[in-house]
Each structure stands twice: as C-alpha cells, then as structure tokens.
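Going line by line, the protein sequences match chains A and B. Every position in the first sequence, counted from 1, becomes a number in this note's numbering once 19 is added. Every position in the second sequence, counted from 1, becomes a number in this note's numbering once 1431 is added.
It is possible that part of the hints are untrue.
Under the rule of at most 27 Å between Cα atoms (straight-line distance), these lysine-lysine pairs were calculated in the BS3-like manner [to be verified]:
1. K26(A) - K1489(B)
2. K1500(B) - K1532(B)
3. K1532(B) - K84(A)
4. K1480(B) - K1542(B)
5. K1489(B) - K1542(B)
6. K1500(B) - K1489(B)
Source of the hints: derived by calculation from the structure; they are not laboratory data.
Letter by letter, the chains look like this.
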Amino acid sequence: SAVISQKPSRDICQRGTSLTIQCQVDSQVTMMFWYRQQPGQSLTLIATANQGSEATYESGFVIDKFPISRPNLTFSTLTVSNMSPEDSSIYLCSVGADRTVKPYYGYTFGSGTRLTVV
Amino acid sequence: AQSVTQLDSQVPVFEEAPVELRCNYSSSVSVYLFWYVQYPNQGLQLLLKYLSGSTLVKGINGFEAEFNKSQTSFYFRKPSVHISDTAEYFCAVSETGGGNKLTFGTGTQLKVEL
C-alpha cells in the first residue's frame, strides 16, 4: 500500500490566518481525499482531489474556505483559510487504491495535522 | 447515499476478555467494508477489510470481522483483548462501483482495563 507523509503534524495558529497542509505520497495515485476530524468525532470528507481537475467538495465545505491543489499524482495541499477556533480539528489526507490492482488494499491515511486555532 | 452507524460509542472491557463491536450500514448498492483503528494522537490504521467472498475475514493482531449481508452489519471481534488494544475503532464503507469515497461511522472507544 502507499505511504503518506503529511506535514505539519501539528500547529497552533492565530484566528484570521491561513494554514497549508501538505500530503506527499510515495507512489502515483489517482484519487486523494481530505478529511476533517473534529474533537471527539468521526471523520468527515472535505473533498476529493484528482490530478488535473478541480477538487470536488462535499456538502458544507467550500473552495474559498478550503482551497485544494493537486499539481501531480503524488502531491496535494489543503489550505484552511481565515481560520476561527471552530476550525480546530485534525485534518487527514488519504489515498484510495486503484481497484484494478490486486490485492485491493483500500485506503491509506496520513498521520494527520492537529490544528489549534486561538 | 451511504450511512454507517456504530451504536456503541464506548465499550469498556477487561483484559483477556473477548470483545465484539457492531457496525450497521445502509446503502442502495454493494459496498466494501473496513475497520480502522486510531490510537491516541495518531492517524488511522487499516485493520480489516471485506471485499467479497468469505464473510469471515482475519486481520492483524488477532482481530477478525464477519459480514452479515442480511443484517447489513459488519461485526468486529477479538477473542482476547490486551491493554494495548485501547483505541478508537471506526467502521467505514465504500461503494464497489465508482465514487470511491469512504463513509465513516461515529467510532467506538474501546477501553481495556486490568
């Protein structure tokens, strides 16, 4: 399965500022996903990022708040813009295996970015 | 659209006792099923997946899971837990066709006590 390096691992930011989270994969992957995990809660999909096209956002998430870049098949960034304390969460990137590749391993996750907005 | 339910938010269990966690899902299409574990201050680690075939699947560290299609449930079991199994366990589903998104349950906090 793919190995994901996610940076930064944690950060404390001032409200009103922006933070860009990076996700580097050790192999080429078609689909990358960004999730948010609010304190004590489950994971919620923010958007799906495919190389060469605009990211697809889930209901409740907008590009102006969470712009995503996907410049190539091994890298993606998520920016959390104009942050408020409500944005304090863990943000995780994930890649989905190509379903034609056997054995299908499903999804791999980065170790997450713990964001605290003060 | 899919939905995933984990009815037990917290499960306390004594060390060496068996544990079973249940996950119910709702989907209009066939799905793949996954169990992930999240240890404190860490990311998610895949424990088990059901893709097709035998409804009983074996994972790492003695974990196993059973898919019950008629109940649309995915049971997660371990015959004897260890203190180190204390973690948050998430069930997730993904359509077997296109889409490729994972939908997560709300998680079950397993606390193993001496």
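So, going through the hints one by one against the coordinates:
A C-alpha spacing of about 32 Å is found between K26(A) and K1489(B), which places the hinted pair above 27 Å, so the restraint is violated. For the hint linking K1500(B) to K1532(B), the alpha-carbon distance of about 20 Å falls within 27 Å, and the restraint holds. About 21 Å separates the Cα atoms of K1532(B) and K84(A), which keeps this hinted pair within 27 Å; it holds. A threshold of 27 Å between alpha carbons decides the hint, and for K1480(B) with K1542(B) the separation of about 23 Å falls inside it, so the pair holds.
Restraint check for K1489(B) and K1542(B): the C-alpha separation of about 22 Å stays at or below 27 Å, so the hint holds. Pair hint K1500(B) plus K1489(B) holds up; C-alpha atoms about 17 Å apart against a cutoff of 27 Å.
The structure shown violates just one earlier hint, number 1.
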